[in-house]
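As a plain string of letters, each chain reads:
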Amino acid sequence: DVKVTQSSRYLVKRTGEKVFLECVQDMDHENMFWYRQDPGLGLRLIYFSYDVKMKEKGDIPEGYSVSREKKERFSLILESASTNQTSMYLCASSQQGRLNTEAFFGQGTRLTVV
Amino acid sequence: QKEVEQDPGPLSVPEGAIVSLNCTYSNSAFQYFMWYRQYSRKGPELLMYTYSSGNKEDGRFTAQVDKSSKYISLFIRDSQPSDSATYLCAFLKGNTPLVFGKGTRLSVIA
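So the sequence lines, in the order shown, correspond to chains A and B.
To convert, note that position 44 of the first sequence is 44 in my numbering; the numbers rise steadily by one, no gaps.
To convert, note that position 59 of the second sequence is 59 in my numbering; the numbers rise steadily by one, no gaps.
Derived by calculation from the structure, the hints in this document are not laboratory data.
Some hints could be false.
To be verified - Cut-off 25 Å, straight-line C-alpha distance, at most; resulting in silico cross-link-like pairs (DSS-like, lysine-lysine):
#1 A/Lys71 - A/Lys18
#2 A/Lys53 - B/Lys42
#3 A/Lys71 - B/Lys2
#4 A/Lys55 - A/Lys70
#5 A/Lys71 - A/Lys57
#6 B/Lys93 - A/Lys57
#7 B/Lys93 - A/Lys55
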């Protein structure tokens with residue numbers, strides 16, 4: 001059974017803290033993605049990666065960075081958390097080589113910044 | 001013009017009704033057309049995908065694509081309370097990240 005695992009379901013952090021969101025997939029997928037999901041705004045792409053040590057900016061990268069040191073792990077970093085980064089964060093992975101029609105999502109991390 | 005438009009709802013229907021969910025898009029380069037389903041407090045999961053114009057059926061679900069009108073639909077027959085979820089359309093061009101609609105929240109009332 002395919003799996004994308006996000007390290008936390010719920011997280012509360014203070015303004016200004018550095019926050020790490022971890023995502024691990026067990027499907028040997030090349031592609032990994034970070035989205036945030038907000039009511040009325042849908043899913044917005046933050047960063048994505050097509051290979052180890054590669055990263056590409058998505059639609060809303062400001063205030064975020066990512067790290068992909070191993071194929072199975074893709075980390076999202078909030079350098080200095082702000083209240084407008086309170087959101088649901090979703091990690092996804094997909095296979096390269098074939099069209100990535102099926103992206104597998106994790107359960108999401110609901111982050112609250114106070 | 002937005003790349004993808006999807007009515008957010010909410011849509012509330014009685015059990016057994018036929019549900020029609022729709023998206024319009026503006027990018028003629030989109031090649032694949034998908035529907036994802038997202039239950040509350042879960043990540044989205046792929047429901048169906050199609051490549052060409054026409055219909056694709058899977059059980060109670062039918063996906064329809066009209067490339068000439070840039071319009072896609074998902075029909076749910078004999079809707080069940082377990083179909084209550086948010087449905088997201090998604091589009092793909094080449095090896096680029098999926099482009100999602102904002103999602104339509106559906107409630108099927110028993």
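Taking the hints in turn, this is what the structure says about them:
no., hint, in the structure
1, A/Lys71 - A/Lys18, "23 Å, holds"
2, A/Lys53 - B/Lys42, "28 Å, violated"
3, A/Lys71 - B/Lys2, "34 Å, violated"
4, A/Lys55 - A/Lys70, "12 Å, holds"
5, A/Lys71 - A/Lys57, "18 Å, holds"
6, B/Lys93 - A/Lys57, "17 Å, holds"
7, B/Lys93 - A/Lys55, "19 Å, holds"
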